[in-house]
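*Asks:* So you can see what is in the structure, the chains are spelled out below.
Number of protein chains: 2
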Amino acid sequence: MQRHFDQDLAGLKEKLLTMASHAETSLIQAVKALVDRDDVLARQVKERDEVLDRFEIEMDELSINLLALKAPLASDLRLITVAMKISQNLERVGDEATTIARRALELNHEAQLKPFVDIPRMATLAAEMLRDSLDAFVNGKTDQARGIIQRDKEIDNLNKQVHRELIGYMLEDPQTITRCLNLMVISKCLERIADHATNVAEEVVYLFEGRDIRHAAKATETPAA
Amino acid sequence: MQRHFDQDLAGLKEKLLTMASHAETSLIQAVKALVDRDDVLARQVKERDEVLDRFEIEMDELSINLLALKAPLASDLRLITVAMKISQNLERVGDEATTIARRALELNHEAQLKPFVDIPRMATLAAEMLRDSLDAFVNGKTDQARGIIQRDKEIDNLNKQVHRELIGYMLEDPQTITRCLNLMVISKCLERIADHATNVAEEVVYLFEGRDIRHAAKATETPAA
Chain W
50 MQRHFDQDLA GLKEKLLTMA SHAETSLIQA VKALVDRDDV LARQVKERDE
100 VLDRFEIEMD ELSINLLALK APLASDLRLI TVAMKISQNL ERVGDEATTI
150 ARRALELNHE AQLKPFVDIP RMATLAAEML RDSLDAFVNG KTDQARGIIQ
200 RDKEIDNLNK QVHRELIGYM LEDPQTITRC LNLMVISKCL ERIADHATNV
250 AEEVVYLFEG RDIRHAAKAT ETPAA
Chain A
50 MQRHFDQDLA GLKEKLLTMA SHAETSLIQA VKALVDRDDV LARQVKERDE
100 VLDRFEIEMD ELSINLLALK APLASDLRLI TVAMKISQNL ERVGDEATTI
150 ARRALELNHE AQLKPFVDIP RMATLAAEML RDSLDAFVNG KTDQARGIIQ
200 RDKEIDNLNK QVHRELIGYM LEDPQTITRC LNLMVISKCL ERIADHATNV
250 AEEVVYLFEG RDIRHAAKAT ETPAA
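Protein chains in written order, with our numbering: chain W, 50 to 274; chain A, 50 to 274.
In case anyone wonders, no lab produced these hints; they're calculated from the structure. Built from N, CA and C at the ideal position, the CB exists for glycine as well. Do not take every clue at face value.
[Unchecked claim] No farther apart than 25 Å at their CA atoms in a straight line, the calculated lysine to aspartate or glutamate pairs in the DMTMM-like style are these:
no., chain 1, residue 1, chain 2, residue 2
1, A, Lys134, A, Glu110
2, W, Lys209, A, Glu96
3, W, Lys209, A, Asp88
4, W, Lys134, A, Glu63
5, A, Lys95, W, Asp261
6, W, Lys95, A, Asp205
7, A, Lys95, W, Asp205
8, A, Lys202, W, Asp102
9, W, Lys209, W, Asp181
10, W, Lys62, A, Asp261
11, W, Lys209, W, Asp167
12, W, Lys134, W, Glu73
13, W, Lys62, W, Asp102
14, W, Lys95, W, Asp167
15, W, Lys64, W, Glu107
16, A, Lys209, W, Glu155
[What the hints assert, rightly or not] Some residues of chain W that are not near chain A, with every Cβ distance over 10 Å (derived):
no., residue
17, Lys81
18, Asp87
19, Leu111
20, Gln137
21, Leu156
22, Asn157
23, Gln161
24, Lys163
25, Asp167
26, Gly189
27, Lys202
28, Glu258
Taking the hints into account, I'd like the entire structure generated from these sequences.
*Replies:* If you want it as structure tokens, here you go:
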């Protein structure tokens, strides 16, 4: 009985990893669509969002069925509820990537404000945090999970820096305002994706150490749009 | 046994309602702090955020204990997982209210851009949606829940309108840019609070009709910051 259940739990993890890989692809492609001014790619990201929506619903169904049918042990129960929360965060990553893609479509119609440096850097950091948080989940690496929570500050700072720089552009030339607002939204989306990776990392610590560290060091809210 | 469990579930609902009332107070006071330029009130909102954080952790603990100890029926199980999701949304409402309060503190140090009309209107609508979504949860009113999902569009439109108006100000007078950005963030926070009320409403439909309507009519992302 428990062996069957272990297989079910392994299936749940497997599904979550597939979902995470879709979310990461969306993030990377959304920023690539911006940097390469690639409308086709941006539209693909928007389409992939439906896939992530479906994953979230399926993950919930699977989890609730496992909870209902098997009367799981306390530790398994924690695993299932954590899997539901991680899935929710991954779905939100898809939403943020979709917003980036939408804003990229708008920006691609106008002259480029400046070469992109910080935004691709933020995207790389966020994608790494996401990947590492899922790895920490699958392999029970709570130290790695705690490290991710620290790395979140770096993206917060980059977001603040981007925000300040864009305000400078706006003040200097009001013609850039719409473009700057779009870029502020994109930067904020990346900062939020890193927040989702952080949420996953916090759930991993809770799962393996039984300690709820959410809100323990709530980051001060960042200024970008 | 089931009678005891019913009492436990009633306790869970009760706790959620108390939490919702804190979230609503935060929302209303944050906007009041902006409109009345009241720094003391803004700081109170920031402090109340910790209360909501604690509620979320306690709601999770309570829910997981109920799942673990009682091997609940399928319908009760759904109620418990929905309660966890609603609690998460209420905690986020607290986060948004805190952001509004922070931005109000910044705005209170500068001359007022214009009389506030749309923002208090959005706050009233969002608070009503939140209250009605919890009422729908407690009383199983799925029609009311569906109505809330419709009302979300009104706030989305108000947010777009505020956004357009503020871009106008920025273009006309770059001196207003920082204030406009703060107001855009506040407007977006209110739009997000309405999204959380909508999430609660969708969970209510799922709980009482067993139908997952999330993402069914995904609103197009709104342009404000």
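*Asks:* Work down the list of hints and note, for each, if the structure agrees.
*Replies:* Each hint tested on the structure:
1. A:Lys134 x A:Glu110: OK: Lys134 of chain A and Glu110 of chain A at ~13 Å, within 25 Å.
2. W:Lys209 x A:Glu96: It holds: about 24 Å lies between the C-alpha atoms, which stays within 25 Å.
3. W:Lys209 x A:Asp88: holds, 24 Å
4. W:Lys134 x A:Glu63: Status holds; Cα separation ~23 Å.
5. A:Lys95 x W:Asp261: holds, 21 Å
6. W:Lys95 x A:Asp205: Roughly 20 Å between the alpha carbons, so the hint for Lys95 of chain W and Asp205 of chain A holds.
7. A:Lys95 x W:Asp205: Within the cut-off at roughly 20 Å; holds.
8. A:Lys202 x W:Asp102: OK: Lys202 of chain A and Asp102 of chain W at ~20 Å, within 25 Å.
9. W:Lys209 x W:Asp181: Satisfied, since the Cα-Cα distance of roughly 24 Å is no more than 25 Å.
10. W:Lys62 x A:Asp261: holds, 22 Å
11. W:Lys209 x W:Asp167: holds, 11 Å
12. W:Lys134 x W:Glu73: Holds, because 17 Å separates the two Cα atoms, which is no more than 25 Å.
13. W:Lys62 x W:Asp102: Distance ~17 Å between Lys62 of chain W and Asp102 of chain W Cα, so the pair holds.
14. W:Lys95 x W:Asp167: This hinted pair holds, its Cα atoms lying about 23 Å apart.
15. W:Lys64 x W:Glu107: holds, 9 Å
16. A:Lys209 x W:Glu155: holds, 16 Å
17. Lys81: holds, 19 Å
18. Asp87: holds, 19 Å
19. Leu111: holds, 12 Å
20. Gln137: Given that some Cβ of chain A is not farther than 10 Å from that of Gln137 of chain W, nearest at about 8 Å, it is violated.
21. Leu156: holds, 13 Å
22. Asn157: About 16 Å separates Asn157 of chain W from the closest Cβ of chain A, which puts it past 10 Å; holds.
23. Gln161: About 20 Å separates Gln161 of chain W from the closest Cβ of chain A, which puts it past 10 Å; holds.
24. Lys163: holds, 18 Å
25. Asp167: Check passes; 18 Å lies beyond 10 Å.
26. Gly189: holds, 19 Å
27. Lys202: Its Cβ never comes within 10 Å of chain A, the nearest being 18 Å, so this holds.
28. Glu258: holds, 15 Å
Of the numbered hints stated above, the single one contradicted by the structure is hint 20.
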